[in-house]
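Student: Those sequence lines, one after another, are chains Z, P and Y.
When you line the first sequence up against the numbering used here, it's residues 6 to 430, in that order.
When you line the second sequence up against the numbering used here, it's residues 6 to 430, in that order.
When you line the third sequence up against the numbering used here, it's residues 6 to 430, in that order.
Rather than coming from a laboratory, the hints here were simulated on the basis of the structure.
One or more of the hints may lead you astray.
Stated by the list, open to error - Within a straight-line C-alpha distance of at most 27 Å, the following computed BS3-like cross-link-like pairs (lysine-lysine) qualify:
1) K397(Y) <-> K231(P)
2) K398(Y) <-> K272(P)
3) K424(Z) <-> K127(Y)
4) K59(P) <-> K424(Y)
5) K284(P) <-> K398(Y)
6) K9(P) <-> K170(P)
7) K170(Y) <-> K62(Y)
8) K150(Y) <-> K127(Y)
9) K424(Z) <-> K231(Y)
10) K397(Y) <-> K284(P)
11) K128(Y) <-> K28(Y)
12) K398(Z) <-> K272(Y)
13) K127(P) <-> K424(Y)
14) K398(Y) <-> K272(Y)
15) K428(Z) <-> K355(Z)
16) K59(Z) <-> K231(P)
Said to hold, decoys possible - A few chain P residues facing chain Z, derived, Cβ under 7 Å:
17) V358
18) E363
19) Q365
20) G367
21) T374
22) D395
As the list claims (entries may be wrong) - Label pairs and their computed distance ranges (CB to CB):
23) K355(Z) <-> E68(Y): 49 to 55 Å
24) K284(P) <-> P50(Z): 33 to 39 Å
25) N209(Z) <-> T374(P): 46 to 52 Å
26) K9(Y) <-> K59(P): 54 to 60 Å
27) V46(P) <-> P373(Y): 29 to 35 Å
28) K355(Z) <-> N234(P): 47 to 53 Å
29) T53(Z) <-> T374(P): 52 to 58 Å
30) L36(P) <-> V430(Y): 43 to 49 Å
31) G396(Y) <-> T374(Z): 35 to 41 Å
32) P410(Y) <-> V46(P): 45 to 51 Å
33) K208(Y) <-> G370(Z): 52 to 58 Å
34) A382(Y) <-> L422(P): 52 to 58 Å
35) K355(Z) <-> K231(Y): 28 to 34 Å
Glycine included, C-beta positions come from ideal geometry on N, C-alpha and C.
Residue-level listing of the chains:
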Amino acid sequence: MIGKKIHEFAKILWPINRSITGKGVRETLDLIKSHLSGMEVASIPSGTSVFDWKVPKEWSVNEAYIITPNGDKICDFNVNNLHLIGYSTSYEGELEYEELIDHLYTLPEQPNAIPYVTSYYKKRWGFCLKYEDYKNLKKGTYYIKIDTKLFDGVLNYGELILKGKSNKEIFISTYICHPSLANNELSGPTVVTYLAKWLTESKNLEYTYRIVFIPETIGSISYLSKNINHLQDNVFAGFNVSCIGDDRAFSYLPSRNGNTLSDEVAKHVLHHIDRNYKKYTWLDRGSDERQYCAPGVDLPIASIMRTKYGEYPEYHTSLDDLENVVTPEGLNGGYWAIRKALEAIEKNKKYRVTVLCEPQYGRRGLYPTLTTNKHDANVALMENIVSLCDGKKTLIDIAEILNNPIWELYETIDMLLSKSLIKQV
Amino acid sequence: MIGKKIHEFAKILWPINRSITGKGVRETLDLIKSHLSGMEVASIPSGTSVFDWKVPKEWSVNEAYIITPNGDKICDFNVNNLHLIGYSTSYEGELEYEELIDHLYTLPEQPNAIPYVTSYYKKRWGFCLKYEDYKNLKKGTYYIKIDTKLFDGVLNYGELILKGKSNKEIFISTYICHPSLANNELSGPTVVTYLAKWLTESKNLEYTYRIVFIPETIGSISYLSKNINHLQDNVFAGFNVSCIGDDRAFSYLPSRNGNTLSDEVAKHVLHHIDRNYKKYTWLDRGSDERQYCAPGVDLPIASIMRTKYGEYPEYHTSLDDLENVVTPEGLNGGYWAIRKALEAIEKNKKYRVTVLCEPQYGRRGLYPTLTTNKHDANVALMENIVSLCDGKKTLIDIAEILNNPIWELYETIDMLLSKSLIKQV
Amino acid sequence: MIGKKIHEFAKILWPINRSITGKGVRETLDLIKSHLSGMEVASIPSGTSVFDWKVPKEWSVNEAYIITPNGDKICDFNVNNLHLIGYSTSYEGELEYEELIDHLYTLPEQPNAIPYVTSYYKKRWGFCLKYEDYKNLKKGTYYIKIDTKLFDGVLNYGELILKGKSNKEIFISTYICHPSLANNELSGPTVVTYLAKWLTESKNLEYTYRIVFIPETIGSISYLSKNINHLQDNVFAGFNVSCIGDDRAFSYLPSRNGNTLSDEVAKHVLHHIDRNYKKYTWLDRGSDERQYCAPGVDLPIASIMRTKYGEYPEYHTSLDDLENVVTPEGLNGGYWAIRKALEAIEKNKKYRVTVLCEPQYGRRGLYPTLTTNKHDANVALMENIVSLCDGKKTLIDIAEILNNPIWELYETIDMLLSKSLIKQV
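All chains, full assembly: derive it from the sequences and hints.
Tutor: Here is the structure:
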């Protein structure tokens, strides 16, 4: 089960302190590159204008903790990188309890969860901790030490291009900007790494694949800013890969207009994997489809997910982990859902039958020689496929009419091609 | 509540004996003109050919009543103008009970209602009365006096044109041809009078408004006969306003093909005012949409109504009154439904976001600076609107996608325009 | 009831040993021609290439039976032609029970039914019998006698062309290739014979009718092979007529894309004959629509049936008879369903009202002169029709909007045409 390997890779990436910039992003990309040697790591300098935005300063953390009046060290960044709010500024000094608590973030409804909080675009400092720890804090004087740097550095992302027979591109994007969070972070880049490995090893790809590992929002905006014309000219399908690692549900979020090939494939594949898969709308969006499908950008990007961000209780807390939320089974199901979607796009051709009227299957050994009042299911599938190969319907169209998953047609299609009973249009 | 003022105006118009022609129409138009000084009153001579029809003779009533064998005066036109059938010819003489009853119209199933009966295009005389009075009539000799005139006169209607920035026109039509009837008469012209007052006072109308107060059927045919080319060239939306004053339901009747802007707006507005509003079909039509939407005329006219003609028990009887059927609340709801529809048409532009990818709302003060696992509803509305401003969707399209009433978007749209984040296409 | 005559004709055709070629086909065609003198009988030589197929050898049967060890004659072809498998080769000799049973076909689940079995394209011999007879066969030596011939002969079919005002053609196809089977054979050619008689007697056909009586599959392939260009250029509607004689259901099977005039008419007619009629899909096909609607052939052919082949227990067995399955009532219902469909196509014009706005019906005597709060149903139908005669809608479109069967509109349409209130576009 490939999900097991993906889960092991996720465990390696787990402790790294990722953010939208910084060392953690580079360490993560290096580990991905160890699987995907063709990947390039790009750097965009802080301050670069990217559409309506500017690439932020780079952030690094040396240490961050609080010493209680008792002398206990709490909220230690080295113990859990969620304790420090993302892009926290430096601070050192003593504060009374009453002053300190303005800088503490908790989740009273989930008392054993450390919340994940960031403040990328406004300077502030702060710590996140479990409410059950917070409520035990005593009055008194606390010593705070936050040693971080915000400096002119770079924003990094990884880009892997796999050439296929056609220059038309399939675009796959996933993000690498959250610290130790599992479903809403590591499931994405780990599944995409293993999909990219499979694609790298595949012979005869029909299409070119463009796979990016980027910081969410500012990363996709930066990438679009550099590549929008090329992407609009070449990309005909693609997926944003996020929240693909728990085993509780499958779900789909459409492109803005919901009518691209990516949407069609996603719905077809998910319907045949899980009749109860959850369909979200564009109004439920929240990841990089916000950029890829923005008006004027209009890339054909849909999302195939397991349980969507914002829809599970552990989301954006320390409970979104690799033990209870993301599992080998969950990753495995997510990997195969997206792989089946990519395979479907590769196979989604139009075919035309090469003879007028029905072929005489019998003389090709494809038909029972005795006609009674029964009919064989495989023969019926073959006849149905041939009867629908009119040069106008795609293989997905045909699969939809037959109410079969497209992958159950591949064998028959290959046989019919080999017998020259159909040909690709 | 504007419904109260409308109701008071309806009470003033109540006693006038309206018909498709005559003094009562002119008196009604004069009282409307006292609110709408810009309105013109037109006259078309009897006998004028209007498409397949001829403008009928003008009808005036001097007096009409019956004296019973006991000497009682009954069916007195001066007491209730419904007693005399519309366009009744003159008659004077004595008749036995058995002869008289051929000229009497009643409603045995509604014994306390005087029916409303007309005979515009065939000469006859007759009276209408309550069945409970009718059944008490004794045998004997009755004296009948009907003093009416049918003569070459004119058919009148009122026309008010309010110029907007565009020459494209919104057409509003209502009728003034029924005597003392409330929902199926006075609700229409009184609500339209107050809508016209509001439009007159509005600054910066986007579109030109053409508002007519006409006799039903022959009036709309006459008006079309004179104006069809202009209307077909300029009118892009409009409503026939009828039965807009009771407080029992909201309803919608489509244009012939049901796919005009007027239909779209009517359904959008009514859905958000009353989820249970009644949708009729073209086969349920019965007012001037029969003319405006006739094949070859094809104006984009739909109907927004409260309880539709023919669908309430008091319809076309003396029970359709200003006490039990039409109320200030009913008129108020009707006024606002149509006003919201007109406002929606005024606002129904296409907008395009001015930046590629999502705007950085934060530096414009439009976004929380701290990102956690919660999301603010107003921010979500703003983001959703921006994500749908692709220059192709109208504001109604966007409201429909959001499942919000369009009027809940106006404020955000105005704010986004003021920040130059969107612009009108 | 015309169903009675059709049933009598079916009884005459019943005993003939039809197959895809041979004397039985010719005898059947001769009996049809006795009703339809204009029909031509065509012959295509064995071995002729027809698209992917070759016309098979002609098959004739002299005698066929088995003598049991007791000396009893069983499986006698002269008693029931289903006993011999279609296209059985000759055989004469003695076989032990254990050898014989490899050549015997039965239906254990329907022990009193002789199955219908053919082997057109692979040489074999065999007999069919009731399972209740089969299980009583004793061990021992059997004498088998099958005297058949497979020789270079011809494949026959009948073709009747009835010229209408237009060269545009309506194509009707039915098959004549099964031996003594009733619903899945004789109902088709007998109903079509009586439809053709009606058409022959009809004055002023709008369209040309092309009616063929052919062997299923190889016959339709052969016919298409000779006529495809003409058919593609001229045929705009048509039906494959099969399984049209039992009284248990009505059903519909679409053309490949399901959107032709034939489909529209079939659904309209069946909906108004039987709200519970069964709708099949293209995947349920099994008769000559497989050829007529094959990709690249693409004729607009749908099927109106009673109980479809394969969907009733007697199908392809000796129980599919003229007593218990096909009845005069069943044939009658089938005849009228298709006749109503053909009449609908003849009448399915577009009409345009000749006046702008509503006509003044009153002066033409088409309207009550007194207007009250009631409305007459016939007047409403007339007004509705006129309001929909916009020159764009067909009469079926109008009937669908009115939710009336089209045949209930013919009288009003003819009246409106006679009054010049509408004209054909």
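Student: Take the hints in turn and mark each one as holding or not.
Tutor: Hints, verified against the model:
1. At most 27 Å may separate the alpha-carbon atoms for a hinted pair to count; K397(Y) and K231(P) meet this at roughly 26 Å.
2. Distance check on the hinted pair: K398(Y) and K272(P) sit about 24 Å apart at the alpha-carbon level, within 27 Å; holds.
3. The hinted pair formed by K424(Z) and K127(Y) meets the criterion: a straight-line CA distance of about 21 Å does not exceed 27 Å.
4. With a C-alpha separation of about 19 Å, the suggested pairing of K59(P) with K424(Y) holds against the 27 Å cut-off.
5. Under the criterion of a C-alpha separation no larger than 27 Å, the hint pairing K284(P) with K398(Y) is consistent with the structure, at around 23 Å.
6. Annotation: proposed proximity of K9(P) to K170(P) is violated, straight-line Cα distance about 32 Å (limit 27 Å).
7. In summary, the hint linking K170(Y) to K62(Y) is not supported, as the alpha carbons are separated by about 40 Å, beyond the 27 Å threshold.
8. Between K150(Y) and K127(Y) the alpha-carbon distance is near 20 Å, which keeps this suggested pair within the 27 Å criterion.
9. Distance restraint check for K424(Z) and K231(Y): the Cα-Cα separation of roughly 26 Å lies within the 27 Å cut-off, and the hinted pair is therefore satisfied.
10. Restraint check for K397(Y) and K284(P): satisfied, since their Cα atoms lie roughly 25 Å apart, inside the 27 Å limit.
11. Proximity of K128(Y) to K28(Y) is assessed by CA-CA distance (about 20 Å); at most 27 Å being required, the pair is judged to hold.
12. Restraint check for K398(Z) and K272(Y): the C-alpha separation of about 24 Å stays at or below 27 Å, so the hint holds.
13. Taking the CA atoms of K127(P) and K424(Y), the gap is about 21 Å. The hint holds against a cut of 27 Å.
14. A threshold of 27 Å between alpha carbons decides the hint, and for K398(Y) with K272(Y) the separation of about 17 Å falls inside it, so the pair holds.
15. Pair hint K428(Z) plus K355(Z) holds up; C-alpha atoms about 9 Å apart against a cutoff of 27 Å.
16. Taken as a hint, the K59(Z) and K231(P) pair is broken in the structure, with Cα atoms around 63 Å apart against an allowance of 27 Å.
17. Given the 7 Å rule on beta carbons, the hint for V358(P) holds: about 5 Å separates it from the nearest Cβ of chain Z.
18. Using the Cβ-Cβ criterion of 7 Å, the hint placing E363(P) at the interface with chain Z is satisfied: the shortest such distance is roughly 6 Å.
19. Checking Q365(P) against chain Z by beta carbon gives a least distance of about 5 Å; that is within 7 Å, so the hint holds.
20. With its C-beta approaching chain Z no nearer than about 5 Å, G367(P) sits inside the 7 Å limit, and its interface hint holds.
21. The interface hint given for T374(P) is met, as the beta carbon of that residue sits about 4 Å from the closest beta carbon of chain Z, less than 7 Å.
22. Interface restraint check for D395(P): the shortest CB-CB distance to chain Z comes to about 4 Å, inside 7 Å, so the restraint holds.
23. The hinted range of 49 to 55 Å is satisfied by K355(Z) and E68(Y), whose Cβ atoms lie roughly 54 Å apart.
24. Against the hinted window of 33 to 39 Å, the Cβ-Cβ separation of K284(P) and P50(Z) comes to about 59 Å, which falls outside the hint.
25. For the pair N209(Z) and T374(P), the supplied restraint of 46 to 52 Å holds, since their beta-carbon distance comes to about 50 Å.
26. A beta carbon spacing of about 57 Å between K9(Y) and K59(P) agrees with the range 54 to 60 Å that was offered as a hint.
27. About 32 Å separates the C-beta atoms of V46(P) and P373(Y), a value consistent with the hinted range of 29 to 35 Å.
28. One distance hint, 47 to 53 Å for the beta-carbon pair K355(Z) and N234(P), holds here, with the actual separation near 49 Å.
29. Between T53(Z) and T374(P) the beta carbon distance is about 22 Å. The supplied range of 52 to 58 Å is therefore violated.
30. Checking the proposed 43 to 49 Å range against L36(P) and V430(Y) shows it holds: the Cβ atoms sit about 47 Å from each other.
31. Between G396(Y) and T374(Z), the C-beta spacing of about 56 Å breaks the proposed range 35 to 41 Å.
32. Range check, P410(Y) to V46(P): about 49 Å between beta-carbon atoms, so the 45 to 51 Å window is met.
33. The given range of 52 to 58 Å is respected by K208(Y) and G370(Z), whose C-beta atoms sit roughly 54 Å from each other.
34. For A382(Y) paired with L422(P), a C-beta distance near 54 Å keeps the hint of 52 to 58 Å intact.
35. Distance hint for K355(Z) and K231(Y): a CB-CB separation of about 30 Å, consistent with the stated range 28 to 34 Å.
Checked against the numbered hints above, the structure breaks hints 6, 7, 16, 24, 29 and 31 and satisfies the rest.
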